[in-house]
Amino acid sequence: EAQVTQNPRYLITVTGKKLTVTCSQNMNHEYMSWYRQDPGLGLRQIYYSMNVEVTDKGDVPEGYKVSRKEKRNFPLILESPSPNQTSLYFCASSPRTGYGYTFGSGTRLTVV
Amino acid sequence: GESVGLHLPTLSVQEGDNSIINCAYSNSASDYFIWYKQESGKGPQFIIDIRSNMDKRQGQRVTVLLNKTVKHLSLQIAATQPGDSAVYFCAENPRGAGYSTLTFGKGTMLLVSP
Numbered sequence: 001e002a003q004v005t006q007n008p009r010y011l012i013t014v015t016g017k018k019l020t021v022t023c024s025q026n027m028n029h030e031y032m033s034w035y036r037q038d039p040g041l042g043l044r045q046i047y048y049s050m051n052v053e054v055t056d057k058g059d060v061p062e063g064y065k066v067s068r069k070e071k072r073n074f075p076l077i078l079e080s081p082s083p084n085q086t087s088l089y090f091c092a093s094s095p096r097t098g099y100g101y102t103f104g105s106g107t108r109l110t111v112v
Numbered sequence: 001g002e003s004v005g006l007h008l009p010t011l012s013v014q015e016g017d018n019s020i021i022n023c024a025y026s027n028s029a030s031d032y033f034i035w036y037k038q039e040s041g042k043g044p045q046f047i048i049d050i051r052s053n054m055d056k057r058q059g060q061r062v063t064v065l066l067n068k069t070v071k072h073l074s075l076q077i078a079a080t081q082p083g084d085s086a087v088y089f090c091a092e093n094p095r096g097a098g099y100s101t102l103t104f105g106k107g108t109m110l111l112v113s114p
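Residue numbers (this note's numbering), protein chains in the order written: chain B, 1 to 112; chain Z, 1 to 114.
What the hints contain is simulated information worked out from the structure, not anything from laboratory work.
Note that the structure is predicted; figures quoted are calculated from it, not measured.
Note that CB positions come from ideal geometry on N, CA and C, so glycine has one too.
Do not rely on the hints blindly, as some may be mistaken.
[To be verified] Away from chain Z, derived, C-beta distances all over 10 Å, residues of chain B:
#  : residue
1  : Lys17
2  : Leu19
3  : Thr22
4  : Ser24
5  : Asn28
6  : Val52
7  : Val60
8  : Gly63
9  : Tyr64
10 : Ser67
11 : Lys69
12 : Ile77
13 : Ser82
14 : Pro83
15 : Asn84
16 : Val111
[To be verified] Computed list of chain Z residues with no C-beta within reach of chain B, every gap over 10 Å:
#  : residue
17 : Glu15
18 : Val70
19 : Gln76
20 : Leu111
[To be verified] Footprint (simulated), chain Z over chain B, 3 or more residues, beta carbon under 8 Å:
#  : region
21 : 43-51
22 : 99-109
Given the sequences, and given the hints that come with them, work out the whole structure.
Here is the structure:
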């Protein structure tokens, strides 16, 4: 089944403890992206990647890192999480420019 | 956790009615638009897309209309069903051709009563 897989689905962590949310797609898509979703603010792009080793900042990149060492994987790294990063996170992929994203099921992160 | 549906404009319809959800987009250079559906606890799901060289596109029970003059997008759902209840987002590609990054609207909650 063609899909975007994120892990974990739920995560509660403490301020300052580094964490990684994994994302993998099995559709051989070139483009991958991370969004966060907050009530009243909608979906906002954190980072995106146009291909292996090519990444760029989205609208809200502060406090996040990404890497794209392989085409299928695009992990999101929070080096020192803070409570304002409590959110619902979505990974998405797209075959190429001009096509919509396929989204993962989401990761609900709580930073206390 | 707090629902993403809070603070959203809401459209309430009866089962069998036609629904129209509207979206104003911001960038006149955008050339690709998508409607997504998000059910509670799930990721956004692609419904239908349209490119700027078209004014209308139809899918199964859904139609998207694009008015570039006023930068307006609408999603029409025919014979709305309870399973259509969800939050609906429009998205635009604000940088035009060459990038696959999308900017999303805030969303509209559709509530369908049996």
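Evaluation of the provided hints:
1. Lys17: holds, 20 Å
2. Leu19: holds, 17 Å
3. Thr22: holds, 15 Å
4. Ser24: holds, 14 Å
5. Asn28: holds, 14 Å
6. Val52: holds, 15 Å
7. Val60: holds, 12 Å
8. Gly63: B/Gly63 clear of chain Z: closest Cβ-Cβ about 19 Å, beyond 10 Å.
9. Tyr64: Given that every Cβ of chain Z is farther than 10 Å from that of B/Tyr64, nearest at about 15 Å, it holds.
10. Ser67: holds, 18 Å
11. Lys69: holds, 20 Å
12. Ile77: holds, 20 Å
13. Ser82: holds, 17 Å
14. Pro83: holds, 13 Å
15. Asn84: holds, 14 Å
16. Val111: B/Val111 clear of chain Z: closest Cβ-Cβ about 12 Å, beyond 10 Å.
17. Glu15: At about 27 Å from chain B, Z/Glu15 clears the 10 Å cut-off, so the statement holds.
18. Val70: holds, 21 Å
19. Gln76: Holds, because the least Cβ-Cβ distance between Z/Gln76 and chain B comes to about 19 Å, which exceeds 10 Å.
20. Leu111: Non-interface label stands for Z/Leu111: nearest chain B Cβ at 17 Å, farther than 10 Å.
21. 43-51: holds (count 5)
22. 99-109: holds (count 9)
Checked against the numbered hints listed earlier, the structure breaks none of them; every hint is satisfied.
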